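Using the hints provided, position chain B relative to the given structure of chain A.
Protein chains: 2
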Amino acid sequence: MGAKYTIGIDYGTLSARALLVDVHTGEEVATALYEYPHGVMDTYLPDRKTKLMPDFALQHPQDYIDALEYTVSEIFRKTGLSNEDVIGICNDFTECSMLPVDEKGDPLCFQKKYKANPHSYVKLWKHHAAQDEANKLNEIAKKRGEAFLKRYGGKISSEWMFPKIWQILDEDPDLYHNTAKFMELADWATMQLTGFERKNSCTAGYKAIWHKREGFPSKSFFKELHPDLENIIEEKFNNVVYPLGSVAGQVTKEAAELTGLKEGTIVAVGIGDAHAAVPAVGITEPGKMLMIMGTSTCHMMLGEKEAIVPGMCGVVEDGIISGYYGYEAGQSCVGDHFQWFTENCVPEAYEKEAKERGINIFTLLSEKAKKLKPGESGLLALDWWNGNRSVLVDVDLTGLILGMTLMTKPEEIYRALIEATAFGTKMIVETFKEYGVPVKELYAAGGIAEKNQLMMQIYSDVTNMDIKIAASPQTPALGSAIYAAVAAGKNKGGYDDIYTAAKNMGKVKELYYTPIKENVQTYESLYEEYKKLHDYFGRGENTVMKKLKKIKERVIYVNAR
Amino acid sequence: MGAKYTIGIDYGTLSARALLVDVHTGEEVATALYEYPHGVMDTYLPDRKTKLMPDFALQHPQDYIDALEYTVSEIFRKTGLSNEDVIGICNDFTECSMLPVDEKGDPLCFQKKYKANPHSYVKLWKHHAAQDEANKLNEIAKKRGEAFLKRYGGKISSEWMFPKIWQILDEDPDLYHNTAKFMELADWATMQLTGFERKNSCTAGYKAIWHKREGFPSKSFFKELHPDLENIIEEKFNNVVYPLGSVAGQVTKEAAELTGLKEGTIVAVGIGDAHAAVPAVGITEPGKMLMIMGTSTCHMMLGEKEAIVPGMCGVVEDGIISGYYGYEAGQSCVGDHFQWFTENCVPEAYEKEAKERGINIFTLLSEKAKKLKPGESGLLALDWWNGNRSVLVDVDLTGLILGMTLMTKPEEIYRALIEATAFGTKMIVETFKEYGVPVKELYAAGGIAEKNQLMMQIYSDVTNMDIKIAASPQTPALGSAIYAAVAAGKNKGGYDDIYTAAKNMGKVKELYYTPIKENVQTYESLYEEYKKLHDYFGRGENTVMKKLKKIKERVIYVNAR
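Sequences listed follow chains A and B, in order.
The C-terminal residue of the first sequence carries number 561 in our numbering, and the numbering is unbroken.
The C-terminal residue of the second sequence carries number 561 in our numbering, and the numbering is unbroken.
Rather than coming from a laboratory, the hints here were simulated on the basis of the structure.
This one's a predicted model, so the numbers in the text were calculated from it and none came from an experiment.
Don't take every hint at face value.
In this list, chains with the same sequence are indistinguishable; a pair is considered to hold if it fits within one copy or across any two.
[To be verified] Straight-line C-alpha distance at most 16 Å; calculated EDC-like pairs for lysine to aspartate or glutamate:
{"hint": "1", "residue 1": "K509", "residue 2": "E27"}
{"hint": "2", "residue 1": "K352", "residue 2": "E518"}
{"hint": "3", "residue 1": "K531", "residue 2": "E541"}
{"hint": "4", "residue 1": "K550", "residue 2": "E524"}
{"hint": "5", "residue 1": "K546", "residue 2": "E528"}
{"hint": "6", "residue 1": "K288", "residue 2": "E214"}
{"hint": "7", "residue 1": "K155", "residue 2": "D394"}
{"hint": "8", "residue 1": "K492", "residue 2": "D228"}
{"hint": "9", "residue 1": "K262", "residue 2": "E103"}
{"hint": "10", "residue 1": "K546", "residue 2": "E529"}
Extracted from the complex, chain A is given alone in its bound form (with noise of 0.2 Å):
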């Protein structure tokens, strides 16, 4: 038997890719990208005629479907490949971004009559404008003391799938009872390919409120947010809940025609874009900690039970790795972050220098940054320019950053800035190990994890942990094609099960970091700080920056009356 492959396709926020791999080697063959035309849509409708409230984000589900086609034919085109060489095909999504559809499985935006309805559209991961419906679902689940809330740190975020539900159906009853199904992209993507749903375990569990053992929130529960809400997932949603790996269908003629595969070729369930990444660098058992680094941070670890860990984003059964329990947390400013820094507190004279030595702005900052020792600043931060995700699990927490001087220099911030998300990791990583889940060792991905070699080795001094580092650029649609690969079975040519197929899939590069002894001690008593500040300003015994927040609200409310 030749070579066999398998595909993963990544729809991220801004565009979908492709990977071919090998499914033996692990080898990333070919890769094709297509950027959506529409984009993130978060002031007009595509009929630049239908504006949208703030904090809309909403997509257009045929971006979709045309990156579909683009993007795995275009693979074939690129390597010539016979299509029945690829064994199997998985696709991850943002999460939760989601769609209501009709009975065919067709968006609704695609229907004339809802053309110029925004709650027809896709609304993506990062649409918060149901922050007042996750805000009355909180304090319902709290009242009626629904166990799920502490498996999500307490909090359901307006991200996540049932606020962006009943925010459809305060704002337009309409189409919400006209709606058949409300999907998760991940899911509805596969669809495309098999012509038929399956809801993979990922992205029920993570933001959906699904629990492999208790299932989805109770009638009741739901019937006390709405009553209109009391049958939803009987009637909108879908209960049956299908593993990471395990088959979704095949793909059908239509959509074989649409990208050039072959009928019946396998397809895995779909899978949330973070956690794809995870097998993706060959972890599969407990103790191993991945952070996705972009402009925030995702941490998915392993467990071996179900332990309750204060301000985690959630613990799911078989949410990442079946067999295990999936854990989630997250720091919601980190690549943000330097980006703002370099916006808003550059000054001109080294972006002068920059240019001038051919440099981007961020390598001349390193570069300064890294001749500081740790602790030689004199500064400390708090990294809530964006509030705090894990684990005080609080958006109305914010930046802080003291022991400036006269003689402070601009990269002296930017050291401080990469220190405080470190920080705010250790503290995730010391909250876990508190709560039985134990952290051995750290992974990275994503664009810093790549490129950032001076915030890797402040991460690893100030964690005292080794940090291996993503050995593909594109993990999330590698982890993808892994998936496919346990789908698509042994007998295919592909693996059994997910532990072989990471191992063998999955991948590290060679060069590591490891923590360098001097500057861990002095980051142990800057850490001892930051822990104080932290629990200081985050646990309630000092609210200035929430009653900042609401005199801003007030200030900004009056006048704009």
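Same frame as chain A, but now just chain B:
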């Protein structure tokens, strides 16, 4: 009798300025400026070979003589005035700037044998190399329970007279023993006109621990510092102190030849530069606080009694206006703060915009910051980039800012820094009030008061007080001219008391700032939060700032080895 004039000379850090003032109207008739050729010497002596230790800040006394000669004769050249019509002269000087002299009053650095000896030169006010001596002095004074400490906020600064003298004794006992006198420059400059020393009550009180009733510290105190210091006052100082506005002497023949002044012209005793500004805005009574706003801010005020206000810089009977207790407080980081901010934190795009519009960066930032309402940024800062002078008196405190989000803009930070300095002023005002020294009105002088309308409005809103602005751009020189008129007396065309003199010659602008009610309310809420942070970080509950400084020092020390 035709118009009569006095001359005030203001010896600043980088230049000296003479100002000719019409005694009757207060009109500023002519001015002349002289930049010191040697400037501030902080790396080498003028020989360019003798290297100075860190924290040294010296000056060359020849520069002052040249400044005296040039500026006064330039006034006569410019105006064509007869020296008959100049009835008095007075100088103010940066304080404490001090100098070792020989029996004739000539600087030791004029002697060939001392030319290459840094300790023979002027130690400028900002010479910070006597910190060890200041620390030891404070420790001993505290142990002995010296009553004077509480008149100076509990600490004698390393910038003041006795730490500087002690440093000379410590580092060069030979030079110390060959010094006939250690002189405050305000008095030495006066002596250049009169030929002999008359110590003024202002710099003696604020910088040399002199008290009108108790005199200088005791012999036993000085002895405990160092046996050789036991008789410092009698041997090398001078314990006769004259009130401000009193006659120091008359212009000598030599000084007349040097300057063009008439021999015999009345010379008033010298004064510290900041204090000279008080009568220049017409303040001669309690309840009115003058803020001199430059790189740092100096707060001056009169009181009826000697109250001990925690954390002030000093209270001196007759220290500013005879008959009252002169209070001084300070903020060590005001103009410096904004300078630091624009140099280190303002992005290229803003610099470009300022350049394109032909305005400076401060104007642009002010313009943008002005559009913000109080509280709108959600930011709050502690203005401790250069420690806290009042009311915490702690150089080891550092800056803090909190409330940042990914939407935070440079102008919001800029405004927050301004507000922080305003809160710092309010803290000083409130502390004075609390300890029985009423503050009813604010006056402001200096570059910032003159130019920065946004800042002055914020100060008015934060303190909920009217702020009057000095009409003269050279208040210290004007103040000196006022004291010269008092020393000359009514008989000669001047005044017999400072009250009448200041009323006629001191002046404020017609424009003044008055609080905007809605802003006052918001700032009251913000001030509550400022106060909480101020006390938490400033009064020892969380010593993170000091710990970071210690870590920083250790890291720098270890890596320098």
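Here is what the structure says about each hint:
no., hint, verdict
1, K509 to E27, "within (13 Å within a copy, 78 Å between copies)"
2, K352 to E518, "neither (34 Å within a copy, 43 Å between copies)"
3, K531 to E541, "both (13 Å within a copy, 15 Å between copies)"
4, K550 to E524, "between (35 Å within a copy, 14 Å between copies)"
5, K546 to E528, "between (24 Å within a copy, 14 Å between copies)"
6, K288 to E214, "neither (27 Å within a copy, 72 Å between copies)"
7, K155 to D394, "within (9 Å within a copy, 43 Å between copies)"
8, K492 to D228, "neither (46 Å within a copy, 97 Å between copies)"
9, K262 to E103, "neither (27 Å within a copy, 107 Å between copies)"
10, K546 to E529, "between (22 Å within a copy, 11 Å between copies)"
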